[in-house]
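Residue numbers (my numbering), protein chains in the order written: chain A, 44 to 648; chain B, 0 to 203; chain C, 4 to 250.
No wet-lab data here; the hints were simulated from the structure.
Incorrect hints may appear among the rest.
[As the list claims (entries may be wrong)] Derived pair list, reagent style BS3-like, types lysine-lysine, alpha-carbon separation capped at 27 Å:
id, chain 1, residue 1, chain 2, residue 2
1, A, K469, A, K550
2, B, K54, C, K152
3, C, K127, B, K54
4, C, K43, B, K128
5, C, K127, A, K386
6, A, K564, A, K468
7, A, K468, A, K550
8, C, K95, B, K54
9, C, K43, B, K2
10, B, K64, C, K152
11, B, K128, A, K386
12, C, K152, C, K87
13, C, K245, C, K127
14, A, K550, A, K564
15, C, K152, C, K95
16, C, K50, C, K95
17, C, K177, A, K386
18, C, K127, B, K1
19, C, K43, C, K95
20, C, K50, B, K2
21, C, K127, C, K95
22, A, K229, A, K364
23, A, K364, C, K152
24, B, K1, C, K50
25, B, K64, C, K43
26, B, K2, C, K152
27, B, K1, C, K87
28, C, K127, B, K128
29, C, K127, C, K152
30, B, K54, B, K64
31, A, K606, A, K469
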Amino acid sequence: MSDDVLICPHCGEENLASATRCLHCGLPLEEAFAIDGLKDISSSLTGDFVKAEEESLPDLFRDLHEEADLQKKAAKIEALSSIESTTNKAEEDASEELEAEDTIPEWLKKIRQRAQVEDDSSGDLIKKVNARDEIPQPSEQSQVDNEFEDWLRQIRLNARRDSIQPLVEEPTIPGLDEETPSWLQKLREIKETENEPEPELKPQTEETLPEWVEEEQEHLASSDSSLSKGHPEHTQPLQLAPEVTQMPGESIGLGETGAEKIEIGKDQTKEGEALEKIIGQVGFPTGTEGKAFLEAFEQERPETADLLLLRSQRDRAKDLKDMVENEGKAGVLPKQQKAPRNKFFQLVLYLLVLSVIALPLFSGAIDTKINGTMQPVSLAFFDSVSQLTAQESVLIVIDYQPGSSAEMAAIFQPVLDHLTRQAVKKSFITTYPEGVWLTSQLIGQEESLTETGTTYLPGAKIGLMNLSLDTSAALSPGLVSSDLFGSQYDLDYDSIILLTDSFNGGKNWLELVGPFISADKSLLMVASTQEAAMFLPYFDSAQLDGLLAGLNESALYNNALGKSSSISINRSYQAGLLIMAACFVIGIITSIGVKERPESQEDVP
Amino acid sequence: MKKIVSIVIAISTGILVIAALIFRPQFNPLLSLILRWGITIGSMAALVGIAVLIKTHLQRIAVGKRGFFFSLIVLFGFSVSFLGGMLLGVANPAYQLWISSIQLPLEISFLGLLTLILTTTGFRLYRLKGWTPLSISFGISAVVFLIIAMGYLQGLGNPTLDRVIEFIQRLPIAGGRGILIGMALGALVVGIRVLIGVERPYGE
Amino acid sequence: MNELLIWIALGVVSLLLIIIKIGTGKDRDGNIRAIIAFEKLEHVISKLLENGKRLVIGLGSGYQNSLLSINGIIGLPAVKCTAKQSLLADEKPLILSGDGSLASMSQVALTETYRGLRAIEQYKQENSFFAGTTSMSYTASVMAESHAKENGGLFLVGHIRPEMLLPVDLVHNKASVSIVSADEPGTQAVIFPNCDSATIGEEMYGFVLRTESQPWLTASLKLQDLLRILIVIGLVAAIILKLFGII
Numbered sequence: 044m045s046d047d048v049l050i051c052p053h054c055g056e057e058n059l060a061s062a063t064r065c066l067h068c069g070l071p072l073e074e075a076f077a078i079d080g081l082k083d084i085s086s087s088l089t090g091d092f093v094k095a096e097e098e099s100l101p102d103l104f105r106d107l108h109e110e111a112d113l114q115k116k117a118a119k120i121e122a123l124s125s126i127e128s129t130t131n132k133a134e135e136d137a138s139e140e141l142e143a144e145d146t147i148p149e150w151l152k153k154i155r156q157r158a159q160v161e162d163d164s165s166g167d168l169i170k171k172v173n174a175r176d177e178i179p180q181p182s183e184q185s186q187v188d189n190e191f192e193d194w195l196r197q198i199r200l201n202a203r204r205d206s207i208q209p210l211v212e213e214p215t216i217p218g219l220d221e222e223t224p225s226w227l228q229k230l231r232e233i234k235e236t237e238n239e240p241e242p243e244l245k246p247q248t249e250e251t252l253p254e255w256v257e258e259e260q261e262h263l264a265s266s267d268s269s270l271s272k273g274h275p276e277h278t279q280p281l282q283l284a285p286e287v288t289q290m291p292g293e294s295i296g297l298g299e300t301g302a303e304k305i306e307i308g309k310d311q312t313k314e315g316e317a318l319e320k321i322i323g324q325v326g327f328p329t330g331t332e333g334k335a336f337l338e339a340f341e342q343e344r345p346e347t348a349d350l351l352l353l354r355s356q357r358d359r360a361k362d363l364k365d366m367v368e369n370e371g372k373a374g375v376l377p378k379q380q381k382a383p384r385n386k387f388f389q390l391v392l393y394l395l396v397l398s399v400i401a402l403p404l405f406s407g408a409i410d411t412k413i414n415g416t417m418q419p420v421s422l423a424f425f426d427s428v429s430q431l432t433a434q435e436s437v438l439i440v441i442d443y444q445p446g447s448s449a450e451m452a453a454i455f456q457p458v459l460d461h462l463t464r465q466a467v468k469k470s471f472i473t474t475y476p477e478g479v480w481l482t483s484q485l486i487g488q489e490e491s492l493t494e495t496g497t498t499y500l501p502g503a504k505i506g507l508m509n510l511s512l513d514t515s516a517a518l519s520p521g522l523v524s525s526d527l528f529g530s531q532y533d534l535d536y537d538s539i540i541l542l543t544d545s546f547n548g549g550k551n552w553l554e555l556v557g558p559f560i561s562a563d564k565s566l567l568m569v570a571s572t573q574e575a576a577m578f579l580p581y582f583d584s585a586q587l588d589g590l591l592a593g594l595n596e597s598a599l600y601n602n603a604l605g606k607s608s609s610i611s612i613n614r615s616y617q618a619g620l621l622i623m624a625a626c627f628v629i630g631i632i633t634s635i636g637v638k639e640r641p642e643s644q645e646d647v648p
Numbered sequence: 000m001k002k003i004v005s006i007v008i009a010i011s012t013g014i015l016v017i018a019a020l021i022f023r024p025q026f027n028p029l030l031s032l033i034l035r036w037g038i039t040i041g042s043m044a045a046l047v048g049i050a051v052l053i054k055t056h057l058q059r060i061a062v063g064k065r066g067f068f069f070s071l072i073v074l075f076g077f078s079v080s081f082l083g084g085m086l087l088g089v090a091n092p093a094y095q096l097w098i099s100s101i102q103l104p105l106e107i108s109f110l111g112l113l114t115l116i117l118t119t120t121g122f123r124l125y126r127l128k129g130w131t132p133l134s135i136s137f138g139i140s141a142v143v144f145l146i147i148a149m150g151y152l153q154g155l156g157n158p159t160l161d162r163v164i165e166f167i168q169r170l171p172i173a174g175g176r177g178i179l180i181g182m183a184l185g186a187l188v189v190g191i192r193v194l195i196g197v198e199r200p201y202g203e
Numbered sequence: 004m005n006e007l008l009i010w011i012a013l014g015v016v017s018l019l020l021i022i023i024k025i026g027t028g029k030d031r032d033g034n035i036r037a038i039i040a041f042e043k044l045e046h047v048i049s050k051l052l053e054n055g056k057r058l059v060i061g062l063g064s065g066y067q068n069s070l071l072s073i074n075g076i077i078g079l080p081a082v083k084c085t086a087k088q089s090l091l092a093d094e095k096p097l098i099l100s101g102d103g104s105l106a107s108m109s110q111v112a113l114t115e116t117y118r119g120l121r122a123i124e125q126y127k128q129e130n131s132f133f134a135g136t137t138s139m140s141y142t143a144s145v146m147a148e149s150h151a152k153e154n155g156g157l158f159l160v161g162h163i164r165p166e167m168l169l170p171v172d173l174v175h176n177k178a179s180v181s182i183v184s185a186d187e188p189g190t191q192a193v194i195f196p197n198c199d200s201a202t203i204g205e206e207m208y209g210f211v212l213r214t215e216s217q218p219w220l221t222a223s224l225k226l227q228d229l230l231r232i233l234i235v236i237g238l239v240a241a242i243i244l245k246l247f248g249i250i
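Let's have the full structure, built from the sequences with the hints guiding it.
This is the structure in structure tokens:
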């Protein structure tokens with residue numbers, strides 16, 4: 044097990060062997076990796092160690108190794124000498140690299156080269172961990188560059204804002220904590236001085252502006268003067284904020300921070316329309332810069348570079364704000380195109396079905412005999428019950444859930460009447476805890492019954508197996524008992540009638556208990572209509588002696604007893620079936636020519 | 000070690016039950032004992048499950064998770080039913096009437112909803128599934144059997160029609176038995192996988 | 004004699020399974036046709052992980068306080084696989100069981116899965132629990148959990164009763180995805196028109212997500228096919244012999 048586990052050197056938690064980052068603290072696990080045979084990598088950079096390693100190589104490999112080293116050295120020197128604008132630091136780095144490379148063994152170089160080419164050996168799982176932790180860390184140089192660019196744009200913004208009425212509000216960034224970046228602090232400071240009348244700053248004689256600022260001024264002045272609509276506001280020189288004298292040490296060519304080519308999408312917001320109005324007032328730059336804008340934008344939406352910068356700045360600030368707010372939350376989900384469900388139609392359909400089913404019930408209880416003959420399975424059921432005499436006993440198994448009790452009670456009622464007529468002794472057993480009160484409801488309808496008690500058989504399938512053991516042991520007459528929970532079963536019955544609403548329930552009885560019931564005893568079943576077909580094979584194979592399924596068969600059973608049935612329930616049942624069939628037919632007709640549900644509706648939300 | 004113990008217990012229990020079912024006279028007492036242990040363990044597992052369920056709902060209430068009000072209702076219903084059963088006894092007619100008065104309408108209403116949903120299924124079957132051989136045969140067979148189940152055709156008293164109806168009613172049996180045979184084979188193979196220790200649902 | 008035949012039959016089937024497994028070796032896929040429902044399930048799991056939603060897995064209901072049939076454990080590999088894939092996800096899968104022992108097994112499966120990934124702290128008991136003692140109460144629990152905002156899909160597997168159509172319809176109304184793999188033919192018939200994808204017949208045993216025991220699963224499926232062929236041959240032979248009056 045320890046071979047599969049990597050202990051994090053930082054937090055001491057266990058990680059998978061293939062992990063490169065700790066799952067618990069997120070820190071890299073590089074320090075945990077140790078290369079066999081190499082105690083300290085840093086010490087391997089010494090020449091003595093390399094020489095010792097080289098001495099162990101065969102002569103040929105050693106020659107090749109030395110030759111390769113020499114070739115690499117020569118190539119590096121050429122590369123270095125061809126670079127014109129290298130700084131001292133770069134030269135120092137190159138020399139250090141060269142010295143380091145001399146001392147690094149060849150095998151380590153190959154490993155590093157392969158590592159650069161090949162994917163990480165960590166699995167998808169660790170990659171996901173790494174992806175989550177990978178936050179681009181811009182270098183110090185680029186951070187400074189970005190700060191400078193933003194500062195410069197803000198300067199331009201302030202300059203333009205004096206002449207242009209602010210139609211677009213600057214974004215506020217609430218919720219940022221105290222650790223705001225310096226460039227944002229500068230922005231806020233600039234905002235605070237926004238309302239103050241900015242003095243017209245001119246470069247002081249003692250402090251001259253850098254060349255790039257002057258160039259920018261000239262460029263902007265030229266673009267202003269060439270505006271089609273010639274607004275005089277733009278002829279003012281660039282007004283610099285006081286902070287302009289404090290410039291960062293690094294200077295970057297203006298071309299790199301010049302007009303940004305910002306793609307404006309076709310879906311313009313209202314702000315875009317407002318900007319269009321501003322642009323209409325300000326005009327459109329000409330020259331090379333103007334051409335670039337023309338290429339990027341649509342003709343009817345000309346905008347100035349400064350306004351574009353304003354929008355980009357706003358967009359970036361908005362993105363930053365969203366990122367800060369959504370940190371730790373689930374991702375923004377795209378809107379799902381839900382199928383337009385006609386709920387009114389659904390409600391109408393439901394009401395129609397309910398009314399059709401309920402209408403016969405309110406038409407009054409009409410007792411009459413229905414036409415038809417019982418199916419052979421029902422006839423066999425009738426004959427089996429008819430053969431029972433007054434001295435015999437029947438075990439009635441309640442194996443349905445309360446939801447089906449109304450149907451099961453309606454189907455079983457004629458059978459109960461028949462058993463009463465035969466003066467058969469009845470016992471009840473149930474595999475559901477609710478069967479106890481279901482039995483009470485069932486026999487409560489027949490006042491002449493004397494209840495012998497309802498026994499609860501726990502464990503369902505296992506309980507049936509246990510019952511079958513007792514049954515097999517009780518093939519000889521006598522009382523056998525399962526003393527679980529103190530109940531005792533008298534299993535010497537002449538017939539077992541099983542009331543079930545599910546195929547699995549009936550199957551368990553037929554297959555677990557049925558084989559151990561002697562041949563002279565009958566096993567009968569009362570089931571709901573939908574399960575009837577599945578039990579027919581049991582009847583065909585003589586595992587089942589009779590099957591009564593459905594309200595129709597129950598009404599015919601009543602006919603056979605010479606009684607009349609209340610047809611309202613039958614009519615209601617038949618009406619329900621009819622309307623269901625009608626729905627299918629209408630669905631078929633209306634779906635002709637309709638394509639299958641679009642794939643988008645199957646997409647995961 | 001723990002894994003090996005659980006595997007050994009599972010395999011030995013399975014083999015013992017099969018052997019006892021096959022060699023019944025000799026192994027009856029042992030099988031009866033194992034089955035009773037199984038019933039007891041199953042019941043205890045249900046009790047443990049109920050305890051976890053209560054704990055889950057209590058946590059939701061404590062945290063104030065959305066929908067914790069329904070957890071309150073669940074716990075209230077459970078407490079009342081449990082205490083009532085303990086105090087009055089499950090055989091008490093009043094207790095049974097009380098429980099049945101709540102459970103019966105709830106379950107029947109569920110089945111009623113089921114009926115309504117099945118009704119709307121007829122409308123959207125082909126919009127959802129398209130016109131495939133499976134969906135076409137499904138729809139047509141549903142209509143045919145719904146009409147047969149109404150009983151009007153049987154009430155006509157035509158012997159030939161009765162024979163045709165009986166033949167049609169037996170058609171699903173063939174397909175159903177085929178599916179059941181396949182399911183039984185699958186269950187058999189899964190059971191064998193459990194017996195030889197390949198399938199370990201009780202652990203990793 | 005019958006008992007001896009049963010023993011022989013069981014032994015032969017077991018040997019066949021081992022022989023087929025040795026023959027297939029480490030073949031994970033074999034020539035088994037893709038089962039659309041489980042392919043969709045893989046796609047659904049990935050999408051849910053991306054969108055920060057969770058999958059509700061219903062392991063089926065049964066009789067109260069009793070062990071389910073063997074089909075109840077079919078969903079446990081899905082539990083393990085989903086737990087592994089959602090290790091770094093915002094929402095972990097929710098497993099609802101309709102049987103006490105199945106609930107215990109699902110919790111053990113989750114615990115062992117997270118322990119194997121060295122992330123046991125990610126296991127929470129509230130992500131797997133016993134949802135209802137009766138089939139209707141289980142249905143109601145699944146409906147309630149499916150309706151929650153953070154749930155994006157429903158996968159029902161195992162001993163599923165027809166009334167589970169209610170949560171499937173609810174999920175459909177929410178424009179979420181539902182995949183059902185039931186063991187009862189009646190349930191398959193009821194749910195098939197309403198869910199996004201369903202397995203028919205013994206397809207539920209072809210759970211071919213990436214589990215460790217997949218070579219054994221492949222061998223099991225091939226054994227099932229072999230046994231089915233043998234049964235068909237036996238049935239046809241019996242019919243012919245019966246027709247000729249031999250038996």
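Verification of the supplied hints:
Among the hinted pairs, K469/A with K550/A is consistent with the structure: their alpha-carbon atoms are about 23 Å apart, no more than 27 Å. Taking the CA atoms of K54/B and K152/C, the gap is about 22 Å. The hint holds against a cut of 27 Å. A distance of roughly 12 Å separates the Cα atoms of K127/C and K54/B; the hinted pair therefore holds under the 27 Å criterion. For the given pair, K43/C sits about 15 Å from K128/B by alpha-carbon distance, which is consistent with the 27 Å threshold.
This hinted pair does not check out: K127/C and K386/A have alpha carbons roughly 38 Å apart, beyond 27 Å. Using a Cα cut-off of 27 Å, the hinted pair K564/A and K468/A holds, with the two alpha carbons roughly 15 Å apart. With a C-alpha separation of about 26 Å, the suggested pairing of K468/A with K550/A holds against the 27 Å cut-off. With a C-alpha separation of about 19 Å, the suggested pair K95/C and K54/B falls inside the 27 Å cut-off, and the hint holds.
At most 27 Å may separate the alpha-carbon atoms for a hinted pair to count; K43/C and K2/B exceed this at roughly 33 Å. Distance check on the hinted pair: K64/B and K152/C sit about 12 Å apart at the alpha-carbon level, within 27 Å; holds. Only pairs whose Cα atoms come within 27 Å are accepted, and K128/B paired with K386/A is accepted, the gap being roughly 20 Å. For the hint pairing K152/C with K87/C, the CA-to-CA distance comes to about 23 Å; that is within 27 Å, so the pair holds.
Using a Cα cut-off of 27 Å, the hinted pair K245/C and K127/C is violated, with the two alpha carbons roughly 60 Å apart. The hinted pair formed by K550/A and K564/A meets the criterion: a straight-line CA distance of about 18 Å does not exceed 27 Å. Pair hint K152/C plus K95/C holds up; C-alpha atoms about 14 Å apart against a cutoff of 27 Å. The suggested pairing of K50/C with K95/C holds, with an alpha-carbon distance near 13 Å, which does not exceed 27 Å.
Between the alpha carbons of K177/C and K386/A the distance comes to roughly 13 Å, so the proposed pair stays at or under 27 Å and holds. Taking the CA atoms of K127/C and K1/B, the gap is near 22 Å; set against the 27 Å cutoff, the hint holds. This hinted pair checks out: K43/C and K95/C have alpha carbons roughly 19 Å apart, not beyond 27 Å. Our distance criterion of 27 Å between C-alpha atoms is broken by K50/C and K2/B, whose separation comes to about 34 Å.
Taken as a hint, the K127/C and K95/C pair is honoured in the structure, with Cα atoms around 9 Å apart against an allowance of 27 Å. As the CA atoms of K229/A and K364/A are separated by approximately 17 Å, the hinted pair is consistent with the 27 Å bound. For the suggested pair K364/A and K152/C, the alpha carbons sit about 25 Å apart, so the restraint of at most 27 Å is met. With a C-alpha separation of about 36 Å, the suggested pair K1/B and K50/C falls outside the 27 Å cut-off, and the hint is violated.
Between K64/B and K43/C the alpha-carbon distance is near 31 Å, which puts this suggested pair outside the 27 Å criterion. Restraint check for K2/B and K152/C: not satisfied, since their Cα atoms lie roughly 38 Å apart, outside the 27 Å limit. Taking the CA atoms of K1/B and K87/C, the gap is near 22 Å; set against the 27 Å cutoff, the hint holds. Distance restraint check for K127/C and K128/B: the Cα-Cα separation of roughly 38 Å exceeds the 27 Å cut-off, and the hinted pair is therefore not satisfied.
A C-alpha spacing of about 19 Å is found between K127/C and K152/C, which places the hinted pair at or below 27 Å, so the restraint holds. Simply put, K54/B and K64/B have alpha-carbon atoms about 14 Å apart, close enough for the 27 Å limit, and the pair holds. At most 27 Å may separate the alpha-carbon atoms for a hinted pair to count; K606/A and K469/A meet this at roughly 22 Å.
The structure is inconsistent with the numbered hints 5, 9, 13, 20, 24, 25, 26, 28, although it conforms to all the rest.
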